[in-house]
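> One letter stands for each residue in the lines below.
2 protein chains.
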Amino acid sequence: MKIKCKRSNLMKSLNIVSKAVSTKTTMPILECILIDVYADCIKLVANDLELGIETTLEGDVLEIGKIAVEAKEFNEYIKRLPDSEILLESTPDTKLRIKCERSDLELLACKPGDEFTDLPVVEKSKSITVSQFTLKQVINQTIFSISDNENNKLMTGELFEVKDGKLTVVSLDGHRISMRNIELSGNADNVKVVVPGKTLNDISRILSGGIDDMVNIYFTDRNILFEFDKTMVVSRLLEGEYFKIIQMLSIDHKISVKVNNKDFLSTLDRASIFIRESDKKPIVISIKDDNNMYFKVNSQVGNMNETLDVDKKGDDIIIGFNPRFLMDVLKVVDDEEICMYMRDAKSPCIIKDEDESYVYVILPVNINASAY
Amino acid sequence: MKIKCKRSNLMKSLNIVSKAVSTKTTMPILECILIDVYADCIKLVANDLELGIETTLEGDVLEIGKIAVEAKEFNEYIKRLPDSEILLESTPDTKLRIKCERSDLELLACKPGDEFTDLPVVEKSKSITVSQFTLKQVINQTIFSISDNENNKLMTGELFEVKDGKLTVVSLDGHRISMRNIELSGNADNVKVVVPGKTLNDISRILSGGIDDMVNIYFTDRNILFEFDKTMVVSRLLEGEYFKIIQMLSIDHKISVKVNNKDFLSTLDRASIFIRESDKKPIVISIKDDNNMYFKVNSQVGNMNETLDVDKKGDDIIIGFNPRFLMDVLKVVDDEEICMYMRDAKSPCIIKDEDESYVYVILPVNINASAY
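Protein sequence lines correspond, in order, to chains W and A.
According to our numbering, the stretch in the first sequence is residues 214 to 585, in order.
According to our numbering, the stretch in the second sequence is residues 214 to 585, in order.
For the record, the hints were derived by calculation from the structure and aren't laboratory data.
Any given hint could be a false lead.
Copies of the same chain look alike in the list, so a pair counts if it fits in one copy or across any two.
Within a straight-line C-alpha distance of at most 20 Å, the following computed EDC-like cross-link-like pairs (lysine to aspartate or glutamate) qualify [to be verified]:
id	residue 1	residue 2
1	K509	E289
2	K493	D377
3	K526	E286
4	K312	D482
5	K215	E319
6	K509	E314
7	K285	D482
8	K475	D524
9	K411	D502
10	K526	E550
11	K312	D522
12	K494	E286
Since we're looking at a predicted model, the values are computed, not measured.
Between the sequences and the hints, there should be enough to build the whole structure, so can you do that?
Set out below in structure tokens:
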């Protein structure tokens with residue numbers, strides 16, 4: 214293979230495929246990026262067997278062929294080259310020659326291109342289309358409540374369910390649930406799959422996030438394929454039946470509270486200083502008929518009291534929370550004011566907007582209410 | 214004690230004194246910041262027994278007194294408060310009450326102010342004055358070549374020597390020497406002390422770095438005192454006789470090379486990718502009569518060759534270096550072109566400007582020149 218391209222283009226493509234390069238593996242080929250040169254196009258491919266990414270590199274084909282290059286030093290070297298034209302050429306003994314201005318490198322850490330594992334072929338029968346902006350936002354607004362504990366594998370992923378022209382994305386970790394609902398335009402087949410959290414994190418970092426840039430998503434029983442710009446991301450799915458959450462989403466709430474998102478977040482942020490995760494101490498919130506929300510933290514380090522104005526309907530309540538769970542939600546909701554719905558100190562609290570484009574469920578922490 | 218101040222002022226003062234708060238200690242009082250309120254001024258003080266910092270906080274004195282506050286949670290809480298007025302008040306049972314807008318904190322992690330260790334009193338007999346800009350630059354241009362190995366304690370500090378109206382600052386780690394010379398204005402007593410590297414790192418982070426803001430530096434046998442803005446930094450000195458370096462600074466050079474600093478740095482930066490610290494492999498530089506500098510790295514990962522235009526006088530040379538030692542120097546020298554002086558492949562290389570305001574000595578790495 215022999216190609217010519219701009220350093221900036223090569224860097225852009227490398228940044229995309231590098232997300233699927235394995236860093237901890239006993240199979241050296243998974244640490245490689247495949248440069249695959251056809252008659253009319255140059256593909257960069259990485260594949261860690263869970264996640265595979267293929268993208269097209271803009272450049273001139275001088276000679277077809279392919280070579281697999283160890284990603285680490287290759288990436289670092291290209292990053293440090295001047296913004297100029299680069300010539301890449303494989304040698305007969307499977308090395309990669311890289312020339313740029315007055316720098317000339319022979320990269321020894323290469324393997325024959327045909328040792329590289331092809332990406333799985335995904336049948337394009339069931340699909341939906343959303344904007345990059347929406348997909349990025351949906352991931353960002355739900356990914357924080359997946360579990361990082363591998364004990365329950367399904368909790369490390371997110372449910373993607375398409376039903377009656379609506380996409381529902383759900384994550385949960387046993388303490389809380391995050392849900393986003395998106396109306397789809399155009400035809401959409403009903404599907405229900407669980408996508409690994411790592412895949413979604415990687416995708417969200419690759420997406421440019423434009424409102425007018427679209428992503429086609431294809432589903433099979435084993436894989437999900439995201440197609441956008443000149444890039445294809447294929448991921449394995451997690452196997453198993455996802456949790457039933459319908460019951461947990463509908464409480465017969467007696468109390469609703471409207472509160473300024475930013476002020477609420479600042480208060481929780483201060484409170485969290487005095488709550489160590491290991492202590493399992495809550496922040497205690499009492500909402501009274503004077504339309505004030507009273508915050509109280511009593512810890513070994515300090516006792517904090519704060520007040521916020523709120524707009525409350527229904528009974529008074531004293532309830533305890535892990536402040537981090539509330540903060541995670543407030544950070545990703547764009548609305549200036551959020552609405553909390555509660556029943557009592559033991560029932561889950563729900564944060565949602567009017568048309569339920571987002572629904573968050575947070576379990577409270579048990580407190581001895583008489584002490585407050 | 215009871216004071217009123219702006220959050221921004223308190224934050225600024227806390228950032229300064231926090232550099233002298235101990236984080237790893239069995240003496241809890243060293244993790245505290247002393248708030249010391251006189252009739253007419255508010256002092257914040259921290260002291261880890263090696264380094265002590267005292268600064269004046271702008272604010273209103275409502276009641277004199279003092280209290281020592283554990284720095285960690287105090288800092289974090291103040292950082293998260295709105296930019297507004299803060300009221301600080303000690304309680305009779307040694308707690309600190311902090312009120313700001315609708316937030317009210319009782320900080321329990323406090324100690325009586327008189328448990329705090331006073332800063333050492335430094336006699337102000339021997340002194341020099343330099344600008345903050347100069348002191349910050351001098352530290353930045355020498356600190357990288359102190360040793361992080363405690364085996365030879367003196368190498369973890371820097372020599373500050375005042376002689377005949379000139380300040381010389383030196384650091385060395387056995388592989389290289391960094392030296393800065395500064396002409397002092399006004400009277401200056403001759404002194405020779407070794408200042409701990411940690412102190413200099415901390416000072417350089419506190420200094421605003423203005424050309425017109427001055428620092429008074431006072432020396433005694435045991436301590437050094439830096440006085441600037443409304444801040445006083447006292448540090449212990451390292452004991453012992455510093456290394457004699459005069460001999461190492463003067464080689465009878467046969468070769469001088471002038472090279473563009475930025476280009477040289479880029480080449481070394483690329484080369485360093487292929488040189489692992491553990492390999493002890495050098496970058497080999499040959500300078501020939503065609504006014505080219507040839508770079509060569511041969512490693513297990515790749516073989517790199519590059520060329521740079523230089524302006525050379527004297528013999529040809531082939532010499533090996535640890536690229537990091539050269540890079541450390543090139544990064545901190547502001548000159549567009551630097552001059553290297555060499556004798557042969559085994560003698561130290563010297564990088565200096567014409568009036569020797571900076572002098573760097575770097576030992577080469579042994580190579581088998583016939584192989585290149």
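> At most 20 Å between C-alpha atoms: does K411 with D502 qualify within a copy, between copies, both, or neither?
The answer is neither: 45 Å in one copy and 56 Å across copies each exceed 20 Å.
> At 20 Å max between alpha carbons, let me know whether K312 reaches D522 within a copy, between copies, both or neither.
This pair counts as between: shortest inter-copy Cα distance 18 Å, intra-copy 64 Å.
> Measure nothing new, just compare the shortest in-copy and cross-copy C-alpha distances for K312 and D482 to 20 Å and report within, between, both or neither.
between (51 Å within a copy, 16 Å between copies)
> Checking an output row: K526 and E550, CA cutoff 20 Å. Within, between, both or neither?
Result: close within a single copy only, 15 Å intra versus 72 Å inter.
> Is it within, between, both or neither when you check K215 against E319 at 20 Å Cα-Cα?
For K215 and E319, only the intra-copy Cα distance (14 Å) is at most 20 Å; the inter-copy one is 69 Å.
> Within a copy, between copies, both or neither: which one fits K526 and E286 at a CA-CA cutoff of 20 Å?
neither (61 Å within a copy, 36 Å between copies)
> At most 20 Å between alpha carbons: which applies to K509 and E289, within, between, both or neither?
Close across copies (18 Å), not inside one copy (50 Å); limit 20 Å.
> With identical chains treated as interchangeable, where does the CA-CA distance between K494 and E286 reach 20 Å or less: within a copy, between copies, both, or neither?
between (47 Å within a copy, 16 Å between copies)
> Are the CA atoms of K285 and D482 at most 20 Å apart within a copy, between copies, both, or neither?
between (38 Å within a copy, 15 Å between copies)
> Please sort K493 with D377 into within, between, both or neither, judging by C-alpha distance up to 20 Å.
neither (42 Å within a copy, 64 Å between copies)
> Are the CA atoms of K475 and D524 at most 20 Å apart within a copy, between copies, both, or neither?
For K475 and D524, the Cα distance is within 20 Å only inside one copy (15 Å; across copies 60 Å).
> Indicate which option fits the pair K509, E314 if close means a Cα-Cα distance not exceeding 20 Å: within, between, both or neither.
Between copies only: 16 Å across chains, 64 Å inside a chain, cut-off 20 Å.
Hint violations for this structure: numbers 2, 3 and 9, all remaining hints satisfied.
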